[in-house]
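Those sequence lines, one after another, are chains P and B. Okay, so the first sequence: first residue is 800 according to the numbering used here, each after it adds one. Okay, so the second sequence: first residue is 36 according to the numbering used here, each after it adds one.
Keep in mind that the hints are not guaranteed to be accurate.
Computed list of lysine to any residue pairs in SDA-like fashion (alpha-carbon distance at most 20 Å, straight line) [claimed, not checked]: (1) P:K856 <-> P:S878; (2) P:K856 <-> B:Q134; (3) B:K105 <-> B:T139; (4) P:K856 <-> B:K94; (5) B:K92 <-> P:P898; (6) B:K105 <-> B:S65; (7) P:K812 <-> P:L887; (8) B:K105 <-> B:K94; (9) B:K105 <-> P:L907; (10) B:K91 <-> P:S897; (11) B:K91 <-> B:S108; (12) P:K856 <-> B:G88; (13) P:K812 <-> P:L907; (14) B:K91 <-> B:S66; (15) B:K92 <-> B:Q115; (16) B:K91 <-> P:P898; (17) P:K856 <-> B:Q37; (18) B:K105 <-> P:S897; (19) P:K856 <-> B:S108; (20) P:K856 <-> B:Y136; (21) B:K105 <-> P:N896; (22) B:K94 <-> B:L121; (23) P:K856 <-> B:L129; (24) B:K105 <-> B:Q44; (25) P:K856 <-> B:Q128.
According to the in silico footprint, chain B covers these stretches of chain P (three or more CB under 8 Å from chain B) [unchecked claim]: (26) 829 to 842; (27) 895 to 901.
Ranges of calculated distance between the beta carbons of each label pair, as one might list FRET restraints [claimed, not checked]: (28) P:P838 <-> B:T112: 22 to 30 Å; (29) P:N858 <-> B:T112: 32 to 40 Å; (30) P:Q843 <-> B:T97: 27 to 35 Å; (31) B:Y57 <-> P:Q853: 40 to 48 Å; (32) B:S42 <-> P:F868: 36 to 44 Å; (33) B:D102 <-> P:F868: 42 to 50 Å; (34) P:R866 <-> B:L80: 40 to 48 Å; (35) B:G88 <-> P:T852: 21 to 29 Å; (36) B:H110 <-> P:P838: 24 to 32 Å; (37) B:H110 <-> P:R866: 22 to 30 Å; (38) P:T879 <-> B:L80: 44 to 52 Å.
Derived by calculation from the structure, the hints in this document are not laboratory data. Here the structure is a predicted model, which is why all the values come from computation and not from measurement. The C-beta atom is built at its ideal place from N, Cα and C for all residues, glycine as well.
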Amino acid sequence: KAGVTQTPRYLIKTRGQQVTLSCSPISGHRSVSWYQQTPGQGLQFLFEYFSETQRNKGNFPGRFSGRQFSNSRSEMNVSTLELGDSALYLCASSLYNSPLHFGNGTRLTVT
Amino acid sequence: TQLLEQSPQFLSIQEGENLTVYCNSSSVFSSLQWYRQEPGEGPVLLVTVVTGGEVKKLKRLTFQFGDARKDSSLHITAAQPGDTGLYLCAGIQLFTGNQFYFGTGTSLTVIP
Chain P
800 KAGVTQTPRY
810 LIKTRGQQVT
820 LSCSPISGHR
830 SVSWYQQTPG
840 QGLQFLFEYF
850 SETQRNKGNF
860 PGRFSGRQFS
870 NSRSEMNVST
880 LELGDSALYL
890 CASSLYNSPL
900 HFGNGTRLTV
910 T
Chain B
36 TQLLEQSPQF
46 LSIQEGENLT
56 VYCNSSSVFS
66 SLQWYRQEPG
76 EGPVLLVTVV
86 TGGEVKKLKR
96 LTFQFGDARK
106 DSSLHITAAQ
116 PGDTGLYLCA
126 GIQLFTGNQF
136 YFGTGTSLTV
146 IP
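Please model the complete structure; the sequences and the hints are all you need to start from.
Here it is as structure tokens:
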């Protein structure tokens, strides 16, 4: 069974640009969650999607948005990038109330 | 404010030593998971505990869920260099759907 796939693995952007990250969940998993991981803040919850609907949202500004497609694949978008957005962005898929299966993340560097 | 606090934040020990990592909260969780993350990879699930007072063993790792389901501990016996990594606890609360709350993390280094 293929795991969670995130693309791209690495990304370098400049301030003010926007970026889109992609996540393909494990087959059959309808829940996809996104997390931001930084050395100072640890793993911070961004949002969770289930059957194309956002069910939960963390405490992040509106510049962070996401969506989920009918095949459960998900994208996350960050607009007007700031230096502080540099982080590892992790996607995780799961069945409802089951443990998370993480991808290896996208390392975003904003210069 | 972090819902789950882990201690210690950093731990560096010699191979063969024992250690305990703590995950504490003032909130009740319906279940709690422990994950390990290695550099360049996403966290990988180690165990899920559901019942208050539950103890689970995974080879040299022992996990315990507090009686009140507010805290958990991870004990490693005779640590090995392969145990090196970032250990994360994560909990689900009742009535919050599928939202996981992650702990602050414990970075463990086992020196050969």
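Of the hints stated earlier, which fail here? 4, 8, 9, 12, 19, 31, 34, 35, 37 and 38
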